[in-house]
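Colleague: Heads up: the protein sequence lines correspond to chains A and B, in order.
Per our numbering, residue 1 is the first one in the first sequence, and the count goes up by one each step.
Per our numbering, residue 1 is the first one in the second sequence, and the count goes up by one each step.
These aren't lab readings, by the way, just hints derived from the structure by calculation.
Built from N, CA and C at the ideal position, the CB exists for glycine as well.
Where hints are given, some of them may not hold.
Unchecked claim - Among chain A residues calculated to face chain B with C-beta under 7 Å, some are:
(1) D124
(2) W134
(3) W253
(4) S256
(5) P287
As the list claims (entries may be wrong) - Partial pick of chain B residues on the chain A-facing surface, computed with a CB cut under 7 Å:
(6) A126
(7) A131
(8) L248
Protein chains: 2
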Amino acid sequence: MTPPPAPRPPLDRKNLALRLGTAFVFAIFFLTLLYLGDQPWAQVTFCLLLGGALVMGVAEFTRMGRKLGHRPSLAAGALAGLAILLHFFLLGLHPTDPLPLWLALTLAGAAIHFGALFFERDLDSALTSQALTWLGALYLGLGLGFQVKLFMFTGSALANTGGRLILALYLIVWMGDSAAYFVGSLLGRHKLAPRVSPKKTWEGALGNLGGNLAAAFLIKATACPQWTAVDAAAIGLLLGTVGQLGDLVESTWKRSAHVKDSNMGGIAIPGHGGLLDRIDSLVFAAPALYAYVHFVHGLN
Amino acid sequence: MTPPPAPRPPLDRKNLALRLGTAFVFAIFFLTLLYLGDQPWAQVTFCLLLGGALVMGVAEFTRMGRKLGHRPSLAAGALAGLAILLHFFLLGLHPTDPLPLWLALTLAGAAIHFGALFFERDLDSALTSQALTWLGALYLGLGLGFQVKLFMFTGSALANTGGRLILALYLIVWMGDSAAYFVGSLLGRHKLAPRVSPKKTWEGALGNLGGNLAAAFLIKATACPQWTAVDAAAIGLLLGTVGQLGDLVESTWKRSAHVKDSNMGGIAIPGHGGLLDRIDSLVFAAPALYAYVHFVHGLN
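Please work from the sequences and hints to get the whole structure.
Modeller: Right under this line is the structure:
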């Protein structure tokens with residue numbers, strides 16, 4: 001005897017329209033920036049944009065930790081995260097790396113741990129609070145830092161390599177995300193991870209990979225013509241797998257903090273929930289794409 | 001009206017003898033290893049030794065987190081920490097860095113976050129548990145990793161640069177520690193940080209710096225004759241300050257976990273409490289010494 005199939009959730013058209021509208025506005029802005037990616041000011045703008053997102057993300061992270069009764073530090077977490085982000089920006093500008101990652105991490109550690117000694121009045125939850133501050137700084141600093149490094153990649157025969165790679169990252173992740181939403185809403189039957197994210201289904205996950213692959217081949221046909229079919233397939237599957245795992249990781253965090261929306265009453269992205277909800281797949285996909293083009297294509 | 005001076009704590013002779021005895025055994029072993037530091041097998045032995053200490057430290061860390069009701073992962077934390085340690089070892093062997101720090105951190109993140117998705121049955125405290133796993137991995141991985149890198153330094157005119165630097169690190173930190181113990185026990189009156197570490201006094205802290213400076217000049221006179229007096233003073237004060245702050249940081253963690261001894265019933269170092277208690281100053285002093293000899297002396 002098999003259990004009866006779960007009822008199909010209705011397609012949420014209002015949220016979908018808002019979601020697509022917001023995505024459209026972002027897309028226009030983003031494509032402009034990517035097209036101009038070889039300009040130094042475009043690199044600075046991109047880094048500043050991600051710096052702003054980093055502070056917003058650390059703030060959401062801090063609120064989540066405080067909801068659990070801990071005291072992660074927004075100031076120390078943002079400073080630590082920005083130091084890591086700045087490392088990737090400077091590495092993109094100067095291969096000699098004036099702020100190596102070990103130094104950024106050492107300064108981050110000093111800000112988080114010594115900062116707590118000097119500025120935190122309530123040290124009763126020092127261990128967990130400082131651990132949460134680190135996690136927010138690493139999650140946003142590395143997750144967004146790899147995007148900065150990708151954007152500043154040069155060295156392929158084509159102009160504007162970095163812009164093409166960021167376009168690839170976003171299109172692959174977001175087309176997978178959208179495909180999962182449609183396929184999951186229309187065909188979803190078998191629960192993927194009911195404890196973690198009860199709405200996700202195996203059908204949606206496969207739809208996600210289909211969207212990832214379609215996007216990767218679209219990128220190969222347009223922005224990155226030097227990719228082989230093997231590259232496109234490998235990058236699509238890699239980013240799709242890692243991105244979906246990253247999405248689940250963030251879901252477990254929210255669940256453990258009894259939070260439905262990482263935003264929790266702060267600034268929202270219309271139709272998209274909190275910032276962390278929107279970037280959770282990108283955070284893990286960015287280092288995966290970086291590793292692929294670094295080790296397979298030899299970009300530096 | 002000033003409050004009456006606090007009663008002077010008695011000098012604990014039994015613990016002191018045990019402490020000195022253990023230190024003596026370690027010293028013999030250590031000096032032998034340092035003297036042979038240019039041998040490849042000595043570098044491997046040192047790295048393995050610190051790898052063992054890393055796992056022991058992560059285990060103490062994990063016990064502390066579990067005492068607070070969280071579920072940090074010993075396996076993921078140890079793997080993540082060892083990846084970071086291995087980065088420093090390989091960097092010491094090959095300047096081209098086959099396991100760059102960004103890759104070690106990416107693999108660490110995958111082990112900690114994806115590992116929890118696949119292997120952790122109870123995800124109710126996912127956010128704090130994974131944050132604690134990261135903190136243990138970073139604390140031990142970076143703290144001990146910088147020692148590995150220091151030990152593998154070459155490039156000064158003298159043979160065995162790395163052994164000399166590790167000797168400097170340990171002697172400066174531990175002579176400061178011992179001086180603080182004697183001066184604090186004999187003369188301590190004014191509490192330094194009663195909330196965090198009630199036994200520490202300003203007199204002890206100044207004694208600590210005195211011990212750091214004396215050790216730094218002793219090192220200049222013997223193992224590192226190329227140091228100037230400014231080098232010795234700067235390194236003594238830098239390591240003494242950072243080391244004492246690091247000691248306080250670890251004290252706040254133990255206090256927040258309601259733990260007196262980081263060891264908590266695991267393997268102890270006789271007379272010295274847990275491993276974390278013993279290395280807390282070294283963890284922060286090692287990157288400080290590394291940064292000094294890297295930026296001021298140009299060692300790579």
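Colleague: Would you mind marking each hint as holding or not holding in the structure?
Modeller: Structure-based check of all given hints:
no.: 1; hint: D124; in the structure: 6 Å, holds
no.: 2; hint: W134; in the structure: 6 Å, holds
no.: 3; hint: W253; in the structure: 4 Å, holds
no.: 4; hint: S256; in the structure: 4 Å, holds
no.: 5; hint: P287; in the structure: 5 Å, holds
no.: 6; hint: A126; in the structure: 4 Å, holds
no.: 7; hint: A131; in the structure: 4 Å, holds
no.: 8; hint: L248; in the structure: 6 Å, holds
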